[in-house]
Amino acid sequence: MDKENVLTIFDKYITNNIIPDSTGQLNDVAIMGIGNEQTVNVDFFVSIFGDAEATYDSLCSIDAGEKGYKDFFDLCKTEGILV
Amino acid sequence: MNVIINDEASKPITSANPLPVTDSTAQALIGEAQATPTANTVLGRLKALLTGIVLAAGTNLIGKVGIDQTTPGTTNKVVADINGVTLVSGKVPVDLTLTGDTSLAASVEAQGKDTEAADVTGKPVTIGYKNATGKATGVTPTNALPVALYGSKYKQHTFNFDNIYAFNALPASVGFFGETASTEFLSWAGVTLLDITHLSNISFEVKNTLDIAVTISAALQRTPILSSEAAYLTLVAPEVLAAGATKTYTSASYAGLGNGNYGGHGLYVAVQKLINVQATSGAVRIIMSGK
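In order, the protein sequence lines correspond to chains F and G. Adding 80 to a residue's 1-based position in the first sequence gives its number in my numbering. Adding 657 to a residue's 1-based position in the second sequence gives its number in my numbering.
For reference, chain F alone in the conformation it holds in the complex:
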């Protein structure tokens, strides 16, 4: 599941934001809301789940109860975004 897949599948949770980097340069960054007022950079999400398939079980297996995304994936399954 590459970045394009993530941007397509989780489109309803993603916004583009202007965020400064460490040098003060402002960049257009794709940010995904994962519930509970938490957000994650899409690039970071891909770095963790890039090896997963776009399925609920595959994503949850990589989360392994250690990465904190179980509730978000449950929400996506409920809404029919993940099967």
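Errors might be hidden in some of the hints.
Keeping only pairs whose Cα atoms sit at most 25 Å apart, straight-line, the calculated BS3-like set for lysine-lysine is [stated by the list, open to error]: (1) F:Lys92 with F:Lys150; (2) G:Lys904 with F:Lys92; (3) F:Lys150 with F:Lys83; (4) F:Lys150 with G:Lys904; (5) F:Lys157 with G:Lys904; (6) F:Lys83 with G:Lys904; (7) F:Lys83 with F:Lys157; (8) F:Lys157 with F:Lys92.
In short, the hints are calculated from the structure, not lab data. It should be emphasised that the depicted structure is a prediction, and the values quoted were computed from it without experimental measurement.
Position chain G relative to chain F; hints supplied.
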């Protein structure tokens, strides 16, 4: 004594023999005083001379000279210049370079600084955030004026929890700024006390760049007036912050603690990770802001 004047014929000049009042020969040579004197007479020559006269160039002043400017640049073209720069097509070049006292620049204020300016209906200035290539983003056209915003009135501190994965056991000591964390927080893997003296409207952003989830909790430390009052007010009950996730916590309901009667002077932020789960990279960063 009588003086007798004779004429050419030696006849006395009398009333019966007066002096001749016209001389046809002289008249012919001098010319008659008329609009068109006869050619080759004195008057005729004078007129011809004055009609064709050309004044030679010289340095003598000859008095005021007028220029016909009925149609400037057509019938009598006049070209002027300023410091060697020729003025053409009605344009006047102006050098606005400040020299000498440059305080003038500080005195220049844009229209509308303190009062509302007139509506812009023609080509208003469009501004947008500056992107990596220096173009404005989020607006059209992209070559609009890019703007980068820096700074704020907020006091900001950044604290890093680098290498948090090293804390698999209780820290030996959690004293910060000469204070000791509450017993509740002693069971957490990482804890820090942020100085919020003289701050109000506190907020803090927690950014977890670890590849594992952590649990966050935060409490305000204060100096109770009554012995029955708690020394800590919980701001954030323990909650999981996912790997790579960012969340901003605000304490609006506790605004003024930094300067209020409670004498609040510390913000504890505790971070816990799952036992026996090791992160391979990243850190937990806490950026606190307050007025």
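Each hint tested on the structure:
For a cut-off of 25 Å, the pair hint linking F:Lys92 to F:Lys150 stands: about 18 Å separates their Cα positions. Taken as a hint, the G:Lys904 and F:Lys92 pair is honoured in the structure, with Cα atoms around 19 Å apart against an allowance of 25 Å. Our distance criterion of 25 Å between C-alpha atoms is met by F:Lys150 and F:Lys83, whose separation comes to about 20 Å. This hinted pair checks out: F:Lys150 and G:Lys904 have alpha carbons roughly 17 Å apart, not beyond 25 Å.
Restraint check for F:Lys157 and G:Lys904: the C-alpha separation of about 23 Å stays at or below 25 Å, so the hint holds. With a CA separation close to 22 Å, the supplied pair F:Lys83 and G:Lys904 stays within the 25 Å bound. Of the pairs offered as hints, the one joining F:Lys83 and F:Lys157 holds, with about 20 Å between alpha carbons and a cut-off of 25 Å not exceeded. Proposed proximity of F:Lys157 and F:Lys92 is supported: the alpha carbons are some 14 Å apart, at most 25 Å.
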